[in-house]
Structures are given as structure tokens and as C-alpha cells.
Amino acid sequence: MGRVVLVTGAARHLGGLMVRSLVRDPSIDRVVGVDVEPPRRPLLGAEFVRADIRNPVIGRVLASADVDTVVHMGVIATPRQAGGRTVMKDINVIGTMQLLAACQKSESVRHLVVKSTASVYGAGPRDPALFTEDMTPKHPPTSGWAKDSVEVEGYVRGFARRRPDVTVSTLRLANAIGPRVETAMTAYFTLPLIPTVLGFDARLQFVHEDDAIAALHRAITAAKAGVFNIAGDGILAMSQAVSRTGRASVPVPGALLGVVGRALAPAKIVDFSAEQVRFLTYGRGIDTGRARRELGFTAPRTTSAAFDEFLSGHGLRPALAETVLSGADDAWRHIAARGGVGA
Amino acid sequence: MPDARVIPLDPDGHRGARVQAEVAGDTLLDFLRRRLTGDYEVDDFGFDADLTDHVLIPPLRPLFDRWFRVEVRGLDNVPSAGGALIVANHSGTIALDSLMTQVALRDHHPAHRHLRMLGADLVFRTPFLAPLARKAGHTLACMPDAERLLNRGELVGVWPEGFKGVGKPFSERYKLQRFGRGGFVSAALRAGVPIIPTAIVGAEETYPMLGNLSPLARILGLPYFPITPTFPWLGPLGMVPLPSRWIIEFGEPVHTEQVAADADDPMAVLELTDAVRERIQQSLYRLLVQRESTF
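Residue numbers (the numbering used here), protein chains in the order written: chain A, 206 to 548; chain B, 6 to 300.
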């Protein structure tokens with residue numbers, strides 16, 4: 206008997222990529238996608254169930270499809286995607302509780318894979334350069350998506366204790382980036398004027414959207430219990446990332462970033478919550494050694510390469526700097542040539 | 006006709022100068038291109054070698070060579086490759102001593118090594134200072150970062166006295182303060198790298214701290230607010246360091262792999278910490294006697 210995988214959050218971009226990746230895997234028989242809204246692109250080769258994981262209907266889906274692996278990708282990052290912070294928190298926390306309650310009752314579920322985020326480590330001046338999975342946050346998140354994710358991970362740990370027979374893998378992903386994915390960070394870097402925190406230069410890490418899916422897929426097939434950090438190798442400094450976009454930055458004091466940011470980015474999913482401002486101030490790095498050793502997974506693209514693919518996907522490049530520099534280069538050659546003639 | 010005579014005489018000289026100018030021009034343009042288009046690398050700690058070599062170290066050189074006339078001793082005690090921990094005394098109100106040690110190792114060590122320094126969290130909380138420190142190779146003084154750097158074979162610098170050392174009054178000059186909790190010794194033991202006790206003479210006299218306005222320091226969130234013979238009386242001019250004569254001496258390494266000590270044995274760690282501290286204190290006394298003049 207082959208495997209049956211259920212994916213929550215399947216209507217959104219990463220969830221859709223996950224479903225398509227699983228459909229292509231011959232070792233997996235059935236893929237069931239679940240979400241509150243219909244998928245934007247049809248999920249060919251998979252079944253889709255339009256259900257709200259916040260109510261107990263999810264238990265019947267698990268039982269009727271005889272699901273053995275649950276991939277939880279239903280945690281929403283920004284209030285705008287959910288239709289308000291209250292709904293977002295509901296979907297994230299209550300949704301996870303309902304899902305885990307259903308898993309606990311299920312006799313078929315053997316493996317749970319949770320897509321979490323590196324933002325559970327918080328961000329601040331007392332952070333080590335790179336977090337390993339066992340480190341406790343120095344500045345625990347206090348709001349928003351990061352706080353929800355901390356709570357989600359808490360419920361997942363509780364579930365793992367109550368059902369020791371189920372293999373539970375939690376993946377803490379760095380910010381996913383790429384040509385197609387839309388997140389608070391991709392929206393941030395596509396702003397015409399990018400507001401940055403005056404006097405700070407955050408260390409950023411990204412994982413390419415396809416590599417994030419590859420990591421989750423690897424976790425599904427490897428069936429290794431534990432928490433794993435996932436990120437592209439290397440670090441980009443915020444100033445460096447902004448230079449690569451070719452957009453101008455507006456440095457403002459951290460306390461004003463929220464106000465200025467919201468003025469510069471109306472009707473965008475850019476996040477300027479207190480938590481995100483801390484991240485844009487200090488940044489964060491995670492150590493991916495455990496995923497390399499235990500899952501055998503290394504992100505094929507570095508942080509820098511992932512960011513560059515995002516840029517080319519959006520047609521962004523440092524055009525002005527390139528023009529000015531080639532102008533300076535020509536002028537220099539001209540002067541050098543003139544000097545040669547003069548001598 | 007006069008032209009015909011001039012041309013054969015100096016083409017080489019002119020060409021040489023021109024080639025040099027062109028190379029200089031190209032590297033400057035290359036540097037600008039890298040910076041303006043973000044096409045450079047920073048490591049996991051945020052260290053920016055490109056910026057450090059081209060922008061941050063050059064202004065420190067005249068200070069090192071001309072102002073403090075730093076004499077560097079014992080460079081052969083610093084390995085050319087692999088991890089090692091430089092442990093030094095801290096003094097001088099602002100941490101110029103760490104910057105001068107960085108220049109000493111980058112410019113004068115045969116392997117031109119970058120020094121990676123461990124700093125207090127205050128540094129990483131302070132606007133403008135925080136990103137500058139990271140780009141120059143500092144990271145937070147914490148066990149995971151120290152071990153990670155040493156395991157990668159980096160040369161790591163630590164000033165275990167911290168603010169107690171830089172912010173001590175002039176009357177206590179060259180008296181080593183408490184050496185933290187010995188965290189640096191455990192890090193070196195775990196990584197199995199040598200500890201190089203280093204004595205720095207001269208930094209104490211750059212900004213002799215006569216008093217400390219602690220209420221003002223509290224308001225500003227600083228560890229101390231210094232009063233020196235020139236600051237704040239002379240305003241910005243008072244921030245010019247006195248031109249003391251410096252000696253940086255890298256002492257004989259303590260080979261932790263040969264020391265029968267366990268990083269998890271607090272007694273052994275504290276004893277080794279004390280031994281390193283004592284070595285530095287003795288070197289300081291010896292160097293002070295040898296130093297001919299303060300300025």
C-alpha cells in the first residue's frame with residue numbers, strides 16, 4: 206500500500222507547489238489538499254477538499270482518505286492574507302489545535318510534518334550569529350506570525366508527547382523567496398522606496414521557494430523526527446540586498462519605521478509590525494547543520510542566489526548604479542587615452 | 006624636432022606611471038561597482054572583508070604608525086593558520102586597543118590575518134556602531150559564536166575585562182580587572198585551540214579617565230561617561246587621543262590541547278583563566294619597565 210499525504214494550506218502558493226511536488230513522486234499514491242478557499246491554480250493529479258481546519262470536519266477527511274502523512278502548511282504569515290489579525294490568529298492557532306486533535310484520534314496517521322518559521326527565534330542584539338535548533342530565543346517573539354508559530358510549535362510538541370508513535374518533523378524555514386512566491390519580504394523588496402532602519406544593517410537569510418518545497422518533501426520521505434532549520438547558505442546584509450534591487454532606500458529611525466512604511470506601502474502585504482521591525486533591525490541567522498547531517502538536505506541555492514532569482518523574476522537590478530559606473534568607466538578610459546595622447 | 010628628442014627619453018617612466026594610475030583607477034571603480042551593486046560577500050557573522058580592507062582599516066593605519074608608533078612583539082607566537090584565541094588587557098576609555106591589535110595582525114603578521122573580535126551586547130544595540138562592528142569582524146561575546154569562529158579556524162580576539170577594563174579610572178592603570186567568568190577559556194578548550202596572552206601598553210594613556218559622570222551615563226544608557234584632561238572641556242577636540250607610545254606583545258601560547266583540563270570542569274577553567282590573567286599582568290609590568298617614555 207502506498208502513501209496518502211494530506212496537505213493543509215494547499216490553496217496558497219507554497220501549499221500548491223508542495224501538492225504538485227508530491228503528485229510527481231511515484232512513492233506517493235494519493236495527495237489530498239485542504240484549504241478554506243479554492244486553489245488559484247488547479248491541483249492536477251490531487252484531490253482537493255474545501256474545508257476549514259478550524260472545525261472538526263478535518264477529522265472526517267483524515268479518516269475517509271486513510272491519510273498516513275499530514276503536512277501542515279496552513280499557518281498564515283500576514284493578516285491581509287487572512288482578512289484581519291483575529292481571523293489569522295484563529296486559523297493559525299485554533300486551526301492547528303483542531304488538526305492535531307484530529308491527528309491524535311486518527312489511527313492511520315504515522316507522520317506529521319510542520320512547516321514552521323525561523324522567526325520563532327525572535328530577533329535582537331543578544332542573538333548569536335547563527336541559531337541552532339536547541340537554542341532558546343534571547344528575544345522571544347511577542348506578536349504576529351512569529352508568536353503564532355511559537356504557539357503552533359508548542360501544540361505540536363504536546364501532540365508529539367501524546368502520540369510518541371507518530372514521527373513529528375518540524376521545519377523552521379528562513380524567509381522563502383523566489384520569482385513567484387509572495388510574502389511580506391518580497392513585497393518589501395519590491396517597494397519603489399524601501400524604508401530601512403537607520404543605523405542598523407540586518408543580517409538576512411533566504412531559502413528559495415523550490416528549495417523550501419524540496420526540504421519539506423525530503424522530510425516527508427526521510428521520516429526523521431525532530432526540529433530542523435532550513436535556509437540557503439550564507440548571509441546577505443540588508444544594505445547589500447537593497448543595493449541589488451536597484452531601489453532607493455529611506456533610512457528612518459526604527460521607532461518610525463511602522464508609520465513611514467505604512468505610508469510608503471499602502472495596500473501591500475508588507476509587514477511593519479513591532480516584531481517585523483525588530484527583524485528588519487537586527488536580522489537573524491540559523492545554522493542548517495542538523496538538516497544536512499540528519500535529513501541529508503542542503504538547499505541547492507545559497508541565500509544570495511535565491512535572492513538574485515527573486516530579483517530577476519521581478520525584473521529588478523541595480524540599473525542606475527550600473528549606468529553611472531559604466532559612465533565613470535568610459536570617462537576614466539577617455540582621460541587615460543587623452544593622457545596618453547598628451548604625453 | 007625637439008619632440009623627437011623628448012619621446013625616446015621618458016616613455017617607460019610615463020608608461021609606468023600611467024599603468025599604475027590605471028590599475029588604481031580600475032580597483033577603485035571595481036570596489037565602487039561591488040559596493041553599489043551589492044556584489045560582495047559577508048560571512049555568517051556579518052563580517053565584510055572587502056569593506057574592512059578598503060575602508061575601515063586604512064584610516065587606522067596612520068594612527069597605528071604615526072600617532073601611537075605601535076611596536077609589535079611576538080608575532081611568531083600567533084599561528085599563520087588555524088584557530089587561536091588572543092586574550093588581551095583592555096583599557097583607554099574607548100576600545101582603540103582592539104582596533105590597533107586588528108591592524109597589527111592584518112598589516113604586520115606574515116599571514117596578514119583578520120582578527121575576529123568578541124564584543125559586548127551594548128555594541129550590537131547601539132545604532133551605527135552595531136553594523137560597523139559586525140562589518141569589521143566583531144560578533145557578540147557568547148559561547149556559541151566564540152566556538153563557531155574558533156572551529157572555523159579563525160583568529161579570535163577577546164578582551165575579558167570588558168567595560169570594567171576600558172572604563173577604569175586612570176589611577177588604576179595597568180591593573181587587570183576581573184576576567185569575566187572564564188567563558189573564553191572554555192571556548193578555547195572545547196575548540197582545542199591555543200590561547201595567546203597578549204599585553205598592550207600605551208592604550209591607558211590615550212584618554213586618561215579622571216572621573217566618571219555616572220548619572221549622565223545612566224541617562225544616556227552608557228556604561229560610564231568619561232571625564233579626561235581634555236574631554237568634555239575641549240569639545241570634539243577633546244576626543245583626540247593623546248599620542249602615547251604603544252607596545253603590543255603577543256605572548257607565548259598556552260596550548261589548551263596539552264593542558265589536562267576539561268571545559269566542563271569549572272575549577273580547571275577558573276585556574277586556567279587565572280593563569281592567563283597572571284601572565285598578562287606580568288608582561289604588563291615588564292613592558293612598563295622597558296618602555297622608555299610614555300609619549
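The set of hints was computed from the structure by calculation and includes no laboratory data.
Bear in mind the structure is a predicted one, so any value in this text is a computation, not a measurement.
There could be a bad hint or two in this list.
Claimed, not checked - Which bits of chain B does chain A cover? Going by a derived footprint, with three or more residues having C-beta under 8 Å, they are: (1) 34 to 40; (2) 43 to 56; (3) 140 to 154.
To be verified - Listing some non-contacts, in silico: residues in chain B with all C-beta distances to chain A over 10 Å: (4) 85; (5) 99; (6) 104; (7) 119; (8) 136; (9) 174; (10) 179; (11) 182; (12) 210; (13) 235; (14) 270.
Just so you know, even glycine gets a beta-carbon here, dropped at the ideal spot from N, CA and C.
For each hint, the structure was consulted:
no.: 1; hint: 34 to 40; result: holds (count 4)
no.: 2; hint: 43 to 56; result: holds (count 10)
no.: 3; hint: 140 to 154; result: holds (count 7)
no.: 4; hint: 85; result: 25 Å, holds
no.: 5; hint: 99; result: 18 Å, holds
no.: 6; hint: 104; result: 19 Å, holds
no.: 7; hint: 119; result: 16 Å, holds
no.: 8; hint: 136; result: 4 Å, violated
no.: 9; hint: 174; result: 28 Å, holds
no.: 10; hint: 179; result: 31 Å, holds
no.: 11; hint: 182; result: 22 Å, holds
no.: 12; hint: 210; result: 31 Å, holds
no.: 13; hint: 235; result: 27 Å, holds
no.: 14; hint: 270; result: 22 Å, holds
Hint 8 alone, counting from the list given before, is not met by this structure.
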